[in-house]
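Asker: Single-letter residue listing:
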Amino acid sequence: MQQQLLNAISIGSIYALFAVGYTLVFGVLDILNLAHSAVFMLGAAVTYSMVVNHGQSFWVAAALGLAIAAVMGLVIEHVCLRPLRRRNAPPIAALISTIGLALIIVAAVEQGRPEHPYLAWLWVDGANSVSFPISALPNPTWHVAGLTLEAAKVAVIPISVALMLVLGYVIRYTQIGRGLRAVAENPRAARLMGLDVDRMISLTLVISSALGGLAGIMFGLAQTDISPYIGRDNVEVKGLAVIVLGGMGSIPGAVAGGYLLGLIEIVALLLFGSNVRAGVAFAALFLMLVLRPQGLFGSSLSEKV
Amino acid sequence: MKRLHLVGWLAVAALVGACGSTGGGGNSGANAYQGKTIKVGAILSITGAGGVYGPQSWEGASFAVKQINASGGVNGAQIALTKNDDASDKAQSAQLAQNLITQEQDLVLIGPTLSNSAVAVHPLAEKLRTPILAVSTTGIHIVPDCNFPETTPCKYVFRDSLGEETAIPNNIKSYAQDKSPKTGVLLVANDDKFSSDGGKIVESSVGANGITLLKTIGFKKAEDVTPYVTQAVQLKPDVIFITSLGGIPAKIMIEARKQGFQGQFLGGNGFNTATVSNQAGTYGKGARSGSAWYLGNTFASNKEFVTAFKAEYNHDPDQFSAQGYTAIKIIADSAKRANLTFTDLAGDRDKMRVAMEKVNIDSPLGPFQFLPTHDVKQTTWIIMMDGAGGFTLVHEIKPS
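Residue numbers (numbering that gives the first Met the number 0), protein chains in the order written: chain A, 0 to 304; chain B, 0 to 399.
I should point out that these hints are in silico values taken from the structure, not numbers from a laboratory.
No residue lacks a Cβ here, since even glycine has one placed at the ideal position from N, Cα and C.
Among the chain B residues that face chain A by a calculated CB cut under 8 Å, a handful are:
no.	residue
1	THR46
2	GLY50
3	VAL51
4	GLY217
5	ALA221
6	PRO226
Sample of chain B residues with no beta-carbon within 10 Å of chain A, all distances over it, derived:
no.	residue
7	ASN30
8	GLN77
9	LEU213
10	GLY262
11	VAL305
12	PRO366
13	THR378
Based on the provided sequences and hints, a complete structural model is requested.
Answerer: What follows is the structure in structure tokens.
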């Protein structure tokens with residue numbers, strides 16, 4: 000049971016970190032950025048590729064992975080969101096355009112082969128699942144009191160918590176945070192007050208994507224699984240479940256929702272068996288939607304970010 | 000005297016003609032197909048969950064085409080092989096098959112990569128009377144009952160990939176004889192046909208080999224496998240059986256070893272590629288499976304294939320490459336004997352089916368023939384991962 004609890008907290012940390020990025024964009028723009036799962040994958044894929052194919056140290060590679068994820072935030076804003084915003088397109092249009100970008104990113108990565116003229120620098124393993132070589136970053140395993148403690152899986156917990164606390168502080172107490180909250184509350188009023196709204200939105204996408212990319216890198220390390228599909232298969236729908244559980248647009252809600260989903264999945268597995276794990280998790284989500292549609296930490300828009 | 004000479008020449012001509020004939024079909028002559036094209040459509044999973052296997056099948060098949068065309072083709076005809084990626088999606092696979100059969104008018108198809116897709120594609124090929132040769136599908140009800148639960152044998156569906164119904168029991172039996180394990184846990188991906196079929200075969204095979212199955216743990220490939228592995232390891236089995244696709248077996252091995260599992264992993268066709276062995280690395284050392292092919296086999300048809308393949312691609316082939324390569328050799332041999340007209344497609348497809356039933360060639364898989372069920376009749380090579388991305392041969396089990 001203790002081992003399963005640890006499993007739940009470890010994967011819950013990744014769900015939470017991923018969902019914080021998801022919910023940040025929703026809080027500010029009121030749209031779902033469904034390219035977030037592709038950025039999650041890209042962070043892991045770039046880091047892996049820099050280590051294995053370009054001989055970089057893990058830390059340099061992770062910094063590059065993070066940087067490319069952040070740049071993808073700008074791409075999402077300038078390609079998928081801003082042009083639609085200028086045309087006053089409905090939120091569903093942005094949803095579709097981000098889905099399109101996600102599909103393009105995943106398809107591009109899965110085409111990566113050693114002989115590919117444009118993509119070989121990014122990815123050479125096609126559809127395959129790979130993992131960081133042990134030499135890239137030592138990942139010792141300890142056995143303590145019947146528990147298996149694997150460094151990468153344990154480390155994701157404090158790293159995620161620390162990052163989420165930092166983000167919470169930035170949003171609540173800094174100039175940037177106040178700007179983001181102003182845009183979330185009323186973009187028009189924020190613009191009239193002299194705020195560069197487009198710049199604040201770009202910044203939101205950059206922070207969100209960096210968090211998504213970091214979650215991907217940590218997933219790749221902890222779960223020893225990096226492939227073009229890790230975002231789509233592991234966090235895309237679950238990330239949505241997490242932000243609904245926690246309350247759409249709420250950062251504390253995304254954190255709580257991430258851990259809650261991790262726990263629900265494990266409890267479902269232990270109580271009802273493996274075949275119904277996902278079903279029970281989404282049954283809990285359904286219950287939440289029926290009993291408390293605003294989620295655990297649901298609040299008015301002005302308080303979301 | 001002159002009449003006697005004439006009879007003599009006729010007898011010699013008849014003898015030469017007979018010697019030129021191969022297999023059971025007629026002789027089409029060395030250049031009878033000159034200027035023609037034999038269209039073959041390959042439906043493979045280049046991307047998606049089957050993307051671990053499809054590219055290897057393609058390498059093997061396209062290499063065989065290159066070799067055959069370079070050496071004059073099939074009775075002078077060139078083989079045109081097309082790559083069609085079904086993205087590991089059953090519906091897409093069926094759409095491709097429909098297009099290749101009706102629009103592209105291919106003579107014969109190979110594939111699809113996954114058993115899950117085969118249940119949609121093979122009945123379609125059967126209905127449209129087009130020969131299709133499975134090169135990697137190992138699940139149950141592939142041949143001859145492609146229309147399962149209907150039991151009428153499918154006439155146009157063939158398989159050159161060793162079925163799990165043969166490979167998994169052989170593997171379990173040989174490990175039981177070697178190590179006498181008492182208990183096992185089965186980890187089975189229950190969201191695709193190949194994996195769930197494999198799970199059923201494990202469940203029905205363990206008892207006869209003195210192994211008690213402590214638990215069957217089903218999961219979905221898109222989930223984090225850690226909690227499932229924890230469940231399995233905490234039962235302290237002697238063996239963990241894994242039936243799953245893609246990178247999942249390697250993930251399970253890595254996770255189980257990290258959680259302290261000391262026993263051995265037994266699996267099926269999902270293990271049999273260097274990609275999976277590479278992914279598992281040292282954590283996979285000793286993991287056993289029944290394979291249709293072994294890299295180190297020294298008989299001529301394999302040795303020549305391995306050498307030429309390495310020269311072409313700068314890396315070793317794997318089982319899927321060998322099966323893809325063999326598929327094209329089967330098709331070429333059959334086409335050679337089929338007296339194709341190239342004007343009557345339906346008739347030519349029927350002639351191919353009949354010729355394929357009589358194929359008898361040497362291949363990298365060994366001497367190759369089809370059983371009356373259109374399944375492959377061949378040796379099972381029990382192999383184990385060497386911990387360095389390769390495999391070591393443990394046993395050789397001849398077909399009964």
